[in-house]
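**Student:** Each protein sequence line maps, in turn, to chains F and X.
Letter 201 of the first sequence, counting from 1, is numbered 201 in the numbering used here, and no numbers are missing.
To convert, take the position in the second sequence, counting from 1, and add 1000; that gives the numbering used here.
If you are wondering where the hints come from, they were derived from the structure by calculation, not from laboratory data.
One thing to keep in mind: the hints can contain errors.
Below, a list of computed lysine to aspartate or glutamate pairs in the DMTMM-like style, where the Cα atoms sit at most 20 Å apart [claimed, not checked]:
1. Lys1059/X with Glu1070/X
2. Lys203/F with Glu191/F
3. Lys203/F with Asp105/F
4. Lys1059/X with Glu1071/X
5. Lys1059/X with Glu123/F
6. Lys203/F with Glu1114/X
Some chain F residues near chain X, calculated using beta-carbon distances under 8 Å [said to hold, decoys possible]:
7. Ile12
8. Leu13
9. Arg100
10. Thr152
11. Ala174
12. Leu175
13. Ser178
14. Arg182
15. Glu195
16. Arg199
17. Gly279
18. Asp281
19. Arg312
20. Arg314
21. Phe316
Take a look, some chain F residues computed to stay more than 10 Å from chain X by CB distance [unchecked claim]:
22. Tyr180
23. Val183
24. Asn190
25. Ser201
26. Ser318
Note that the structure is a prediction, hence the values are computed from the model and not measured.
Even for Gly, the Cβ is constructed at its ideal location relative to N, Cα and C.
Okay, here's what each chain looks like letter by letter:
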Amino acid sequence: MSAATQYYIATILVYICVDVIACWGLDLQFGVTGVLNFAFVLFQAVGAYTAAMLSLGPSSTSGGFQQYLVGLKLPFPLPILGAMLVGAALSGVVGLITLRRLRSDYQAMVMLVISVVATVIAESVIGLANGTAGLALIPNPAQSLSSLNHETQTWVFVGLCAVLTLIVGIVMYALVYSPYGRVLRGVRENEAAIEAMGRNSTKARLQVFVIGGMFGALSGALLAEFIGAWAPSEWVYPETFVFFTAVIVGGRGSVSGVALGAALVGVGVQQAVQYLPIGGDPIVLASLEWIITGVLTLTFLWVRPQGLLPERRRRFRSSTVPPARAIDGAVTS
Amino acid sequence: MPVHGDPMLVVTGLAKSFGGVHAVDSVSLTVPSGSLTGMIGPNGAGKSTVLSMIAGSVKPDRGSIRLQGEEIGGMRSYRVAHRGVIRTFQHASVFPQMTVLENVLLGASPWYGENILSALARRRRWRREERLQIDRGLSLIGRLGLSDHTNAFAGELSGGQKRLVEIGRAIMARPRLLLLDEPMAGVSRTLAPTIEALIGELRQEGMTLLLIEHELGLVERLCSPVVVLAQGRVLMQGEMDECRVNPEVRRAYLVG
């Protein structure tokens, strides 16, 4: 297998892992708990920038061609862990602002505005993260394994992504299919009723906001370390809706469904357009991706809103059920 | 027979205005322990608002609500529910995309496995507790006559069946005080006797209930005492036959 083919396959695999982790984060917030997080890509971006700044050296090195807030040159795994912490913290802050007193549709609007404002700040405040040009030369943790050649280093990184995806998947399964997951779905289905049953819906929404934001930041950290660069153009606010499409197409609330959706919409659409016989103009291809994503969202919401792999209907078995006396004259329809 | 021990709920001087409208204007009432207290009155009398203030979904402007001596006025609804006050809603509030059994399971008091750490780390322990709750839930669903629909999505049921699920969910919570907001609303004639019988059984089993209803026949058959509200005020609290002959009550129903 040629180096180019290897690299192509590795790239696909990394992108799948990154998209799956990100979509799981959004699914926890939106699919399971019903929080319309229209600022989701911002948390992926924060993870990417944080991992970059924690692994780059101070901005004055290498000629000072890019400016950024801090450069701590920390070794693996600190940049990734740091990214997740910052993502969780920022989610907490945004959650406290939006999730407490606003009605759900206003929440979504405010989150969208926060995403747009953040992009403007990142582009204008050059000293923060090098403005529109963004950060480059972000080190990949596999590069520190100097005994290996470049191809093997890439595969090591793919392995890292796969392991992290597996861990996040296990956490998702444990959370969603537990009594905690049942409460979250109750918050989604009927907030007044779940509160009347003694659960604090605001606290639940804040919790999934933080956990989902942490997963989003993890995906951003991995992506930035793989590509080696990160700029505001990677996280314009419409990118959030690509994640929403993936969650809806895959099956909102279903852990395996969302993974499928992430692979199909995140990577599948992007790859599929490149094989169309219409010439390879990148602007045309990018526009086509957006069109297909939009059409997918509308089609699925219209025809199959539960997605390709819908949320499972949970059936429970009893250990022993004593015969129950029905109320006199009980009629079941 | 009415059981009048120490009162379960004492409401004093409760008031709430929306804009300039005095929806509830200095309401005081007592719900005796073990009673099935009825709350009746013409539309707009403020009955649902009083219930919502007791349950915590509406914050009172003034007044006190004491549950067995403990002040709960102004508490948020999930905290009121923690103290054993469970309510149902005028439009039967089930969780539509969850099965009947899951709906009923969510009624049980918050148990182990419902926070993140125990969901992740303590699987065996919450699985054991869940098993007990499942058995209880299945038994309760049998009592409600809904065994055939155990795994049906609650959103697909009829209005009366949804009401049964909602009351079943409330029973799972083992409430001290059950607040029923027009339980017969949206219920077919076929299921109405079932629900009425269920409510009567709950009172016989010792539960305290406060019931808002428009169907005066049901109130007469089941409720003692009865509180009559009109235009945000309490007209009287007493037995149903006393209310029937009270001239103020008669006037309120003709005019209101």
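**Student:** Now, for every hint given, state plainly whether the structure supports it.
**Tutor:** Now the hints, each set against the structure:
| no. | hint | result |
| --- | --- | --- |
| 1 | Lys1059/X with Glu1070/X | 17 Å, holds |
| 2 | Lys203/F with Glu191/F | 12 Å, holds |
| 3 | Lys203/F with Asp105/F | 18 Å, holds |
| 4 | Lys1059/X with Glu1071/X | 13 Å, holds |
| 5 | Lys1059/X with Glu123/F | 45 Å, violated |
| 6 | Lys203/F with Glu1114/X | 12 Å, holds |
| 7 | Ile12 | 31 Å, violated |
| 8 | Leu13 | 27 Å, violated |
| 9 | Arg100 | 12 Å, violated |
| 10 | Thr152 | 34 Å, violated |
| 11 | Ala174 | 5 Å, holds |
| 12 | Leu175 | 6 Å, holds |
| 13 | Ser178 | 4 Å, holds |
| 14 | Arg182 | 6 Å, holds |
| 15 | Glu195 | 5 Å, holds |
| 16 | Arg199 | 6 Å, holds |
| 17 | Gly279 | 45 Å, violated |
| 18 | Asp281 | 44 Å, violated |
| 19 | Arg312 | 11 Å, violated |
| 20 | Arg314 | 6 Å, holds |
| 21 | Phe316 | 5 Å, holds |
| 22 | Tyr180 | 4 Å, violated |
| 23 | Val183 | 6 Å, violated |
| 24 | Asn190 | 5 Å, violated |
| 25 | Ser201 | 7 Å, violated |
| 26 | Ser318 | 5 Å, violated |
Hint check: violations occur at hints 5, 7, 8, 9, 10, 17, 18, 19, 22, 23, 24, 25 and 26; the rest are consistent with the structure.
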